[in-house]
Each structure stands twice: as C-alpha cells, then as structure tokens.
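K.L.:
Residue numbers (the numbering used here), protein chains in the order written: chain A, 1 to 252; chain B, 253 to 347; chain C, 348 to 662.
Simulated from the structure, these hints should not be mistaken for laboratory data.
Do not take every clue at face value.
Here are the simulated DMTMM-like pairs of lysine to aspartate or glutamate, each with C-alpha atoms no more than 25 Å apart in a straight line [stated by the list, open to error]:
1. C/Lys655 x B/Glu308
2. B/Lys268 x A/Glu133
3. B/Lys256 x A/Glu154
4. C/Lys356 x B/Asp328
5. A/Lys139 x B/Asp289
6. C/Lys655 x A/Glu154
7. C/Lys657 x B/Glu262
8. C/Lys639 x C/Asp448
9. C/Lys445 x B/Glu257
10. B/Lys274 x C/Glu371
11. C/Lys521 x C/Glu535
12. A/Lys132 x B/Glu300
13. B/Lys274 x C/Asp442
14. A/Lys139 x A/Glu154
15. B/Lys310 x C/Glu371
16. C/Lys655 x A/Glu143
17. C/Lys657 x A/Glu143
18. C/Lys363 x B/Asp328
19. B/Lys256 x C/Glu654
20. A/Lys90 x A/Asp78
21. C/Lys363 x B/Asp321
22. C/Lys655 x A/Glu153
23. C/Lys657 x A/Glu213
24. A/Lys129 x B/Asp289
25. B/Lys310 x C/Asp442
26. B/Lys256 x C/Glu444
27. B/Lys274 x C/Asp374
28. A/Lys222 x A/Asp191
29. A/Lys132 x B/Glu285
30. C/Lys456 x B/Glu257
Label-pair distances were calculated between CB atoms; the ranges are [said to hold, decoys possible]:
31. B/Glu285 x C/Ala553: 48 to 56 Å
32. B/Asp328 x C/Glu371: 13 to 21 Å
33. A/Ala204 x B/Lys256: 30 to 38 Å
To be clear about the criterion: a stretch of chain C counts as covered by chain B if any three or more of its residues have a C-beta under 8 Å from a C-beta of chain B, and this derived list gives those stretches [to be verified]:
34. 368-375
35. 426-432
36. 441-453
37. 649-661
Keep in mind the model is a prediction, meaning the values are calculated, not measured.
Note that beta-carbon positions come from the ideal geometry of N, C-alpha and C, so glycine has one too.
If you want the building blocks of each chain, they are given just below.
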Amino acid sequence: MNREQALFEYTLRIADDSLILGHRVSEWCGHGPILEEDIAMTNIALDLVGQATNFLEYAAKVDGKGKTADDLAFLRYDRDYRNALLVEQKNGHFGDTMARQFFFDVFRKLFFEGLTKSTDETLAAIAEKSLKETKYHLKHSSEWVIRLGDGTEESHQKIQESINNLWRFTEELFFSNDVDTMLLESGIAVDLNALYPLWKSQVAHVLAEATLEIPSGTFQQKGGRTGFHSEHLGYLLAEMQYMQRAYPGMEW
Amino acid sequence: MSNKEWPLWEVFIRSKQGLSHKHVGSLRAADAEMAIDNARDVYTRRSEGISIWVVESKLVTASDPREADALFDPADSKVYRHPTFYDVPDGISHM
Amino acid sequence: MKNLSLEEKEREFQAKIDADQKIEPNDWMPDEYRKTLIRQISQHAHSEIVGMLPEGNWITRAPNLRRKAVLLAKVQDEAGHGLYLYSAAETLGSDREKTIDDLNAGIAKYSSIFNYPTVTWADMGTIGWLVDGAAIMNQVPLCRCSYGPYARAMVRVCKEESFHQRQGFEIVMKLAQGTPEQKALAQESLNRWWWPALMMFGPNDANSKHTAQSMKWKIKRETNDELRQKFVDITVPQAEMIGLTIPDADLKWNEERQSYDFGAINWDEFMNVVQGNGPCNKERIAARREAKENGLWVREAANAFAEKRKARQAS
Chain A
1 MNREQALFEY TLRIADDSLI LGHRVSEWCG HGPILEEDIA MTNIALDLVG
51 QATNFLEYAA KVDGKGKTAD DLAFLRYDRD YRNALLVEQK NGHFGDTMAR
101 QFFFDVFRKL FFEGLTKSTD ETLAAIAEKS LKETKYHLKH SSEWVIRLGD
151 GTEESHQKIQ ESINNLWRFT EELFFSNDVD TMLLESGIAV DLNALYPLWK
201 SQVAHVLAEA TLEIPSGTFQ QKGGRTGFHS EHLGYLLAEM QYMQRAYPGM
251 EW
Chain B
253 MSNKEWPLWE VFIRSKQGLS HKHVGSLRAA DAEMAIDNAR DVYTRRSEGI
303 SIWVVESKLV TASDPREADA LFDPADSKVY RHPTFYDVPD GISHM
Chain C
348 MKNLSLEEKE REFQAKIDAD QKIEPNDWMP DEYRKTLIRQ ISQHAHSEIV
398 GMLPEGNWIT RAPNLRRKAV LLAKVQDEAG HGLYLYSAAE TLGSDREKTI
448 DDLNAGIAKY SSIFNYPTVT WADMGTIGWL VDGAAIMNQV PLCRCSYGPY
498 ARAMVRVCKE ESFHQRQGFE IVMKLAQGTP EQKALAQESL NRWWWPALMM
548 FGPNDANSKH TAQSMKWKIK RETNDELRQK FVDITVPQAE MIGLTIPDAD
598 LKWNEERQSY DFGAINWDEF MNVVQGNGPC NKERIAARRE AKENGLWVRE
648 AANAFAEKRK ARQAS
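Using the sequences and the accompanying hints, generate a full structural model.
P.N.:
See the structure below:
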C-alpha cells in the first residue's frame with residue numbers, strides 16, 4: 001500500500017460514514033414524530049449527503065482513475081464500502097435513530113476537530129465546514145437523548161434500550177490499522193486512540209444528564225472499516241444503487 | 253398518558269446586523285430551547301437570519317382592533333410631528 | 348367604541364376588502380369568511396404534507412448525489428410550507444394538531460393529485476414540472492389574498508417554490524434528451540400526470556360551489572377555469588420544446604382566442620379520487636397516521652421533560 005492508496009481508503013471511510021448515515025436519516029423524511037422534527041432531520045440528512053459528496057469528490061481525485069463521486073457512491077460493491085457498522089443500522093424508532101446519531105455525532109465532532117489540523121489541506125478544509133454542521137447535529141441529538149432519557153417512564157425505557165443495543169457498534173468508530181499508521185506519520189490522519197477516552201467521557205456526561213446508564217460488558221462488533229458489513233447494508237445499497245444498476249451508464 | 257400538544261411559539265428573526273427582529277411566523281415546540289432550534293431549522297433554511305427570538309404565543313398581549321380608532325387615529329391629526337409639516341426656503345440645505 | 352349591527356359590520360368588512368385592505372387575525376370577520384379560510388388554508392397545508400410522501404418515496408433511490416440533495420431539500424420545503432400554512436390557519440383559531448387529526452381520520456381534503464403513485468424516477472421530474480407548475484399558478488394570486496397571514500405565508504411559499512418547478516423541468520429535460528429508454532420514461536410519466544395535473548385546478552367554474560363568494564372576499568383571485576387555461580397555454584410549448592407529446596388528441600391552438608383548446612376532463616375520475624378511491628388514498632393517510640401515532644411517545648417525553656426543566660429552573 002502506498003500513500004495514495006492509504007489516503008483513498010482513509011477518505012472513503014469518512015465519506016461512507018456520511019453517505020450511509022445520510023441515507024438512513026433521509027428515510028425519515030415525511031415520517032417524523034412532528035413536522036418541526038421532520039424538517040430538522042432532513043437538514044441533518046442534507047448536511048451528511050453534502051459531506052459525502054465533498055469527501056467522495058476528493059477520494060475520486062486521489063484515486064486518479066477518472067471516476068466521479070457518483071461512481072464511488074453508487075457503483076461500488078458491498079465489500080468496498082468503508083463505513084462503520086453503526087451508521088448502517090436500521091432507523092428503528094425515533095429513540096434508536098437519536099441514539100445512533102448521538103454516538104456518531106460525539107465521535108464525529110472530535111474527529112473533525114482533529115482533521116481540521118490535518119496536513120492534507122483538502123481534508124482540513126472539508127473538515128472545517130463539516131465541523132460546524134456536526135456541532136449542530138450533536139446539540140440536536142444530545143438534547144433528544146436527554147429529553148427521552150429524562151422524559152417519561154416509557155421514553156426512558158425505550159432510549160435506554162436503544163443505547164444498550166447500539167453500544168456494541170461504538171468501539172469500531174475508533175478502529176485503526178496500517179492505513180492510519182501510515183497517514184499519522186505525515187500528519188494527515190487523526191489519532192483515534194487519543195479520541196476514544198474523550199468520546200467515552202463526553203458520552204458519559206450526556207447519559208448522566210439523561211439519567212441513563214452506560215452499558216457494560218457488551219461484546220463489540222467490528223468489520224465495516226474493512227468491508228465486512230451487517231446484513232442491512234445490502235438492502236440499503238440495493239435501494240440506493242437501483243437507478244444506476246437498472247439504467248447503466250446514463251446521465252440524470 | 254396525556255395527549256397534550258406542544259405549545260405554540262411566535263418567531264422573530266433578525267435578518268442582518270443593524271435591522272430589528274421581525275415576526276416571521278409560528279411553530280410548535282415543547283420548550284424555549286427547542287423552539288429556538290426549530291425556528292433555526294424551519295425559518296432560516298435559506299440563510300434568512302443571524303439571530304432568533306421566540307416567545308410563547310399565549311404570552312403576547314395585543315391591542316384590540318376595535319379600539320384602533322381611539323388608539324391610533326388621534327396621531328393622524330398631529331402632523332406637526334413630521335418634518336414635512338415645516339416650510340424651509342429653497343436655499344437652505346442640510347436640514 | 349362603535350356598536351354596530353351585524354349587517355353594518357359585514358358592510359364595513361366588505362368595504363375594507365373592496366378597498367384592498369388586508370384583514371388581520373384579531374379584526375372582526377364574518378363567521379363564514381373565517382370558516383372558508385380555515386378550510387382552504389388547512390386543505391392547502393395538508394396537500395403540502397401529504398405531497399411529501401409521493402416524492403419522499405424516491406429520496407433513497409435518487410440516481411445521483413446532486414439529485415438526492417435537491418429532492419431532499421424540496422421535500423423538506425414542502426414540510427416547511429405545510430408549517431407556514433398551518434401557522435396561518437392557527438391565527439384564525441384553528442388548532443394545528445386537531446386539523447391534522449381530521450386529515451388522519453380521512454375527513455379533511457387535500458389535493459387529489461397526491462393520491463397517484465410515483466412509479467418511476469421520471470415522476471420526480473413530472474411532478475416538479477406539472478404539479479408544482481400548477482401549484483404556483485394557483486398560489487401566485489394568493490399572495491394578494493385579503494387575509495394578511497395567508498397572503499404573507501404565500502409570499503414565502505412562492506419565493507421558495509420557484510426552484511421546485513425548475514428542478515422538475517430539468518429532470519424531464521435531461522430524460523427527454525437522453526437515451527431512448529430515458530425519453531420513454533419521460534413520455535410515459537407525462538401521459539400519466541397530465542390529466543390529474545389539469546384536475547388540480549378544481550371543477551369547472553359552473554360547478555364550483557365556493558368560487559363566487561371566495562372571489563368576492565378575495566381569498567381566491569382567479570377562477571379555476573382561468574387558471575387551468577393559463578397553465579395549458581404555458582405548458583404546451585414547454586413540452587414541445589423538449590420533444591414530448593401532450594396526451595390529448597383534442598389539443599389545438601385557437602387563433603381567435605389566442606389560447607389552446609383542450610379535451611374534456613374526466614370528472615368522474617376526479618370525484619372518485621376526491622372521495623377516497625384514488626390509487627394511493629389509503630396508503631397516504633395510513634402513512635400520516637402512522638407517523639403521528641409512532642411519534643406520540645416522543646412528543647409526550649418532550650412535554651414531560653419541559654415541565655421538569657421548568658420546575659428545576661424555578662427552584
């Protein structure tokens with residue numbers, strides 16, 4: 001693996017997290033718990049699709065094989081997606097969606113803060129823009145986790161269950177391998193090991209305010225970063241890629 | 253379980269520094285913090301604002317339109333409050 | 348304060364409207380004016396909200412990233428427009444959530460066009476082009492409607508809506524200029540949506556029971572047939588320009604009227620869809636009802652938390 005290949009892989013991870021989560025959040029459009037929240041969630045989906053576009057454009061450039069961001073988004077095989085397992089999990093109920101979003105947003109904010117200092121100027125610039133969006137997403141998702149946790153008995157129970165169910169996908173957000181090692185040396189990548197304790201303490205802080213418990217002793221799943229996904233991704237891609245697969249090579 | 257609706261809030265937006273907040277509409281929110289966030293998402297999707305006020309609709313006191321004559325008509329006859337009431341000769345400027 | 352009889356009040360009210368003055372929420376207004384407005388505004392709001400569904404249907408299948416973002420933004424706008432309109436109706440004392448319950452119970456009406464299915468990507472283009480086109484035709488005159496909050500909401504809606512029709516036309520144009528498969532998609536979609544789009548303007552003037560009074564109150568500024576004719580006259584050349592055929596054998600230019608003559612509308616179909624028998628009426632209402640029911644625990648939790656927060660801040 002050379003530096004370009006590592007950078008391509010690294011950019012895909014960031015892009016695919018946004019792409020797949022953006023897709024999931026967009027599934028809510030028209031079905032939110034109240035009109036105002038429908039609009040809020042669509043804003044988040046739009047931000048994520050925008051981030052995915054920016055990172056995929058860069059990935060395509062680094063790749064240097066004449067592909068476009070759309071080619072990367074819509075024409076890869078399942079095993080070539082690099083998103084974390086967390087973001088491909090199904091929406092479930094509103095609490096499941098907010099818990100997923102909250103875990104991801106805490107990670108994403110820390111990650112983008114680090115990436116703005118990357119020696120890769122393009123990554124740093126996209127991170128700068130995305131960070132502003134992510135701060136708002138985090139505010140939104142933490143407030144909901146707190147509201148649901150400290151709301152009614154029913155909501156408390158539901159969101160605690162969501163937190164417990166999704167906890168097993170959280171450590172993977174901090175997965176790193178030789179891609180990271182190579183890029184850390186040149187100051188491109190973010191040191192994920194250093195972020196993990198920060199993530200844990202920030203999550204604990206919000207969960208405490210929400211009167212929720214931190215799950216313990218849960219086995220951690222991983223595989224997304226190396227292309228081993230859950231069963232859900234195949235269906236998501238079948239839908240997302242439908243047009244490009246059914247009408248190959250056409251412009252829209 | 254109560255099936256109570258979220259209260260209604262009136263939204264005021266300052267479109268840019270130097271201008272007053274202006275009423276833009278209303279929305280539903282469980283509390284003030286949420287009302288601000290919802291106002292941001294609903295009413296500033298096209299960069300329409302840089303500052304938001306929200307106030308619960310039931311807290312607004314409005315003047316009674318049936319008293320509009322008594323409240324506002326008397327001011328109509330006080331034309332001396334307007335600068336155009338006064339004659340200034342042609343040669344005078346900066347006034 | 349003047350003590351006027353009902354008749355005098357009504358006369359004064361009409362005089363205000365004739366002088367193009369706006370009516371504001373707390374002003375006196377005839378009960379029937381209030382009722383008609385609430386009906387019209389909430390039907391309009393419901394149409395925006397139900398209208399999110401047929402298009403939302405394709406968000407996850409949009410063919411590229413740009414189209415996906417545009418479609419998301421557009422469907423989100425519709426939620427926003429629904430919200431502006433419900434707000435306007437609330438100024439007349441109509442509770443939004445109660446109005447929505449009427450929709451979910453199948454009592455309230457909304458634009459019948461949204462009871463047709465979106466079965467191909469081309470429908471995203473055709474809806475933007477024809478359905479939003481027809482909606483804009485209806486809405487622009489409403490920016491001058493006599494009721495202040497409605498008129499102001501419409502100004503906002505029209506301003507935001509202008510991109511909707513363009514993005515739709517762009518999608519159709521791209522298809523019409525594309526491969527034979529794409530062109531077929533565009534034509535087939537136009538064939539399905541053309542007539543329902545014409546029905547959007549409502550029954551012929553002779554059969555429209557509310558038109559005369561609504562015109563007099565200036566809560567409707569042009570008649571159904573006038574608007575429909577305008578729409579046909581504008582749209583036919585657009586279709587010709589991109590090489591699509593309007594599915595109407597009777598369509599032809601009338602030199603004398605300087606307008607297009609067009610074929611008879613199937614009003615039986617229209618009435619049938621309005622009465623709940625369109626291809627998707629059941630699905631649309633079910634989806635709205637499900638969203639509200641599934642969100643109940645969430646809204647309750649937010650209420651409960653707001654009360655706790657208030658209590659904590661007070662102590």
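K.L.:
Hint by hint, say whether it matches the structure.
P.N.:
Hint check:
Distance check on the hinted pair: C/Lys655 and B/Glu308 sit about 18 Å apart at the alpha-carbon level, within 25 Å; holds. Our distance criterion of 25 Å between C-alpha atoms is met by B/Lys268 and A/Glu133, whose separation comes to about 21 Å. Taking the CA atoms of B/Lys256 and A/Glu154, the gap is about 16 Å. The hint holds against a cut of 25 Å. Distance hint between C/Lys356 and B/Asp328 is fulfilled; the C-alpha atoms sit about 24 Å from each other, no more than 25 Å.
Simply put, A/Lys139 and B/Asp289 have alpha-carbon atoms about 9 Å apart, close enough for the 25 Å limit, and the pair holds. Of the supplied pair hints, the one linking C/Lys655 and A/Glu154 holds, its CA atoms being roughly 16 Å apart against a limit of 25 Å. With a CA separation close to 19 Å, the supplied pair C/Lys657 and B/Glu262 stays within the 25 Å bound. As the CA atoms of C/Lys639 and C/Asp448 are separated by approximately 9 Å, the hinted pair is consistent with the 25 Å bound.
A threshold of 25 Å between alpha carbons decides the hint, and for C/Lys445 with B/Glu257 the separation of about 9 Å falls inside it, so the pair holds. A threshold of 25 Å between alpha carbons decides the hint, and for B/Lys274 with C/Glu371 the separation of about 17 Å falls inside it, so the pair holds. Proximity of C/Lys521 to C/Glu535 is assessed by CA-CA distance (about 15 Å); at most 25 Å being required, the pair is judged to hold. Proposed proximity of A/Lys132 and B/Glu300 is supported: the alpha carbons are some 18 Å apart, at most 25 Å.
Proximity of B/Lys274 to C/Asp442 is assessed by CA-CA distance (about 24 Å); at most 25 Å being required, the pair is judged to hold. Distance check on the hinted pair: A/Lys139 and A/Glu154 sit about 23 Å apart at the alpha-carbon level, within 25 Å; holds. Between the alpha carbons of B/Lys310 and C/Glu371 the distance comes to roughly 17 Å, so the proposed pair stays at or under 25 Å and holds. For the suggested pair C/Lys655 and A/Glu143, the alpha carbons sit about 14 Å apart, so the restraint of at most 25 Å is met.
Distance hint between C/Lys657 and A/Glu143 is fulfilled; the C-alpha atoms sit about 15 Å from each other, no more than 25 Å. Taken as a hint, the C/Lys363 and B/Asp328 pair is honoured in the structure, with Cα atoms around 19 Å apart against an allowance of 25 Å. Note on B/Lys256 and C/Glu654: the hinted pairing holds, with a Cα-Cα distance of about 12 Å set against a maximum of 25 Å. At most 25 Å may separate the alpha-carbon atoms for a hinted pair to count; A/Lys90 and A/Asp78 meet this at roughly 16 Å.
The hinted pair formed by C/Lys363 and B/Asp321 meets the criterion: a straight-line CA distance of about 15 Å does not exceed 25 Å. With a C-alpha separation of about 13 Å, the suggested pairing of C/Lys655 with A/Glu153 holds against the 25 Å cut-off. Between the alpha carbons of C/Lys657 and A/Glu213 the distance comes to roughly 24 Å, so the proposed pair stays at or under 25 Å and holds. The straight-line distance between the Cα atoms of A/Lys129 and B/Asp289 is roughly 20 Å, inside the 25 Å bound, and the hint therefore holds.
Distance check on the hinted pair: B/Lys310 and C/Asp442 sit about 13 Å apart at the alpha-carbon level, within 25 Å; holds. Distance hint between B/Lys256 and C/Glu444 is fulfilled; the C-alpha atoms sit about 10 Å from each other, no more than 25 Å. Distance check on the hinted pair: B/Lys274 and C/Asp374 sit about 21 Å apart at the alpha-carbon level, within 25 Å; holds. At most 25 Å may separate the alpha-carbon atoms for a hinted pair to count; A/Lys222 and A/Asp191 meet this at roughly 19 Å.
Straight-line distance between C-alpha atoms of A/Lys132 and B/Glu285 comes to about 19 Å, which keeps the hinted pair within the 25 Å bound. Taking the CA atoms of C/Lys456 and B/Glu257, the gap is about 23 Å. The hint holds against a cut of 25 Å. For B/Glu285 and C/Ala553, the Cβ-Cβ distance of about 54 Å falls inside the hinted range of 48 to 56 Å, so the restraint holds. The hinted range of 13 to 21 Å is satisfied by B/Asp328 and C/Glu371, whose Cβ atoms lie roughly 19 Å apart.
Between A/Ala204 and B/Lys256 the beta carbons are some 32 Å apart, a value that agrees with the proposed interval 30 to 38 Å. Counting residues of the stretch 368-375 of chain C whose C-beta lies closer than 8 Å to any C-beta of chain B gives 4; at least three are required, and the coverage claim holds. Against chain B, the stretch 426-432 of chain C contributes 3 residues with a C-beta closer than 8 Å to a partner C-beta. That satisfies the three-residue criterion, and the hint holds. Coverage of the stretch 441-453 of chain C by chain B holds. Counting CB-CB distances below 8 Å, 3 residues qualify, and the rule asks for three or more.
Counting residues of the stretch 649-661 of chain C whose beta carbon lies closer than 8 Å to any beta carbon of chain B gives 6, which meets the minimum of three for the stated coverage.
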